[in-house]
Amino acid sequence: MSTIETLPVWAAVLVAVLLGGGALTTLLGTIGLIRFPTFYQRVHAPTLGTSFGAAFVLVASMLVFSLMEARPVLHELLILAFVTITTPVTLMLLARAALYRDRAEGQELPGWDDDANAGRTRSASSGSPPSAQASTRRAQASSEASS
Amino acid sequence: MSGQILAIALTISKIFLTLAMAAAASRILRGPRAQDRVIGMDTLYVNAMLLLLVFGIGSGTTLYFEVALAIGLLGFVATVAMAKFLMRGEVIE
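Protein sequence lines correspond, in order, to chains A and B.
Adding 81 to a residue's 1-based position in the first sequence gives its number in this note's numbering.
Adding 5 to a residue's 1-based position in the second sequence gives its number in this note's numbering.
By construction, these hints were calculated from the structure, which means they are not laboratory data.
Even glycine gets a Cβ: it sits at the ideal position worked out from N, Cα and C.
A couple of the hints might just be wrong.
As the list claims (entries may be wrong) - Anything over 10 Å on all C-beta distances counts as not near chain B; from chain A, calculated:
id, residue
1, Gly103
2, Ala151
3, Arg152
4, Pro153
Said to hold, decoys possible - Calculated pairs, DMTMM-like style, for lysine to aspartate or glutamate (alpha carbon to alpha carbon, straight line, at most 20 Å):
id, chain 1, residue 1, chain 2, residue 2
5, B, Lys89, A, Glu86
6, B, Lys89, A, Glu186
7, B, Lys19, A, Glu86
8, B, Lys19, B, Glu71
9, B, Lys89, B, Asp41
All chains, please: the whole structure from these sequences, using the hints.
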């Protein structure tokens, strides 16, 4: 057991690069969480921190503790596996809940208001979503404006 | 030499992760709807977990690792419970 100052220089440089890269990746993902305009875009941004940010920081931690204790210390893989497994589950549940809430309130859903989707929403047989009428109206309005 | 490099890297990554936590907190405060606040909280605990791991590297004890593992487990349960609540209106049916 030794302190962190006794690490060799190559390991210090490697750990520094991994730590800085991981923290920077996490920061970029969270800046995306602030700056994206809609919820369905925002849900993608923080996964940058849970995938590569966490992986870089955990690999740096594994490297430091393995060199300090002169034996392989791999218990950080536990956190890595857990975060990797749980993040998609969480965000899928959250996105489905948000979709359900938006549909229940009859809001415009992303992807429904394109011109490409206008025909599909009109011919949808099973319970046309509330935004279908709105997008059809908008398509008619735009065609009238152009003619 | 290696102590200096590591001290600089640890300080920089602590600053980055603290800024990321501040950004997630601003999304919790600002978020127009409930699901925005939930995803802000999810990001906040992941960033806190990474910050604790960086503290653990700096101090050289594995105590911080245990705390980070506990935060990872409890944050998952919290976010799933909130998503279930947003979906159904109650957590346990």
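No chain B beta carbon within 10 Å of proline 153/A's:
With a cut-off of 10 Å, proline 153/A remains clear of chain B, as the shortest Cβ separation is near 14 Å.
Please confirm whether glycine 103/A is truly not at the interface, meaning its C-beta sits more than 10 Å away from all C-beta atoms of chain B.
violated, 7 Å
Next pair to validate is lysine 19/B with glutamate 86/A; report whether the Cα-Cα distance is within 20 Å.
holds, 18 Å
Below or equal to 20 Å on CA atoms is what counts here, so check lysine 89/B against glutamate 86/A.
violated, 47 Å
Between lysine 19/B and glutamate 71/B, does the CA-CA distance stay at or below 20 Å?
Roughly 19 Å separates the two Cα atoms, so the pair holds.
Are the Cα positions of lysine 89/B and aspartate 41/B separated by 20 Å at most?
holds, 15 Å
Against the 20 Å threshold, does the CA-CA distance of lysine 89/B and glutamate 186/A hold or violate the hint?
holds, 18 Å
Please confirm whether alanine 151/A is truly not at the interface, meaning its C-beta sits more than 10 Å away from all C-beta atoms of chain B.
holds, 14 Å
Distance rule for arginine 152/A, whose beta carbon must clear each one in chain B by more than 10 Å
holds, 13 Å
Violated hints for the displayed structure, listed by number in ascending order: 1, 5.
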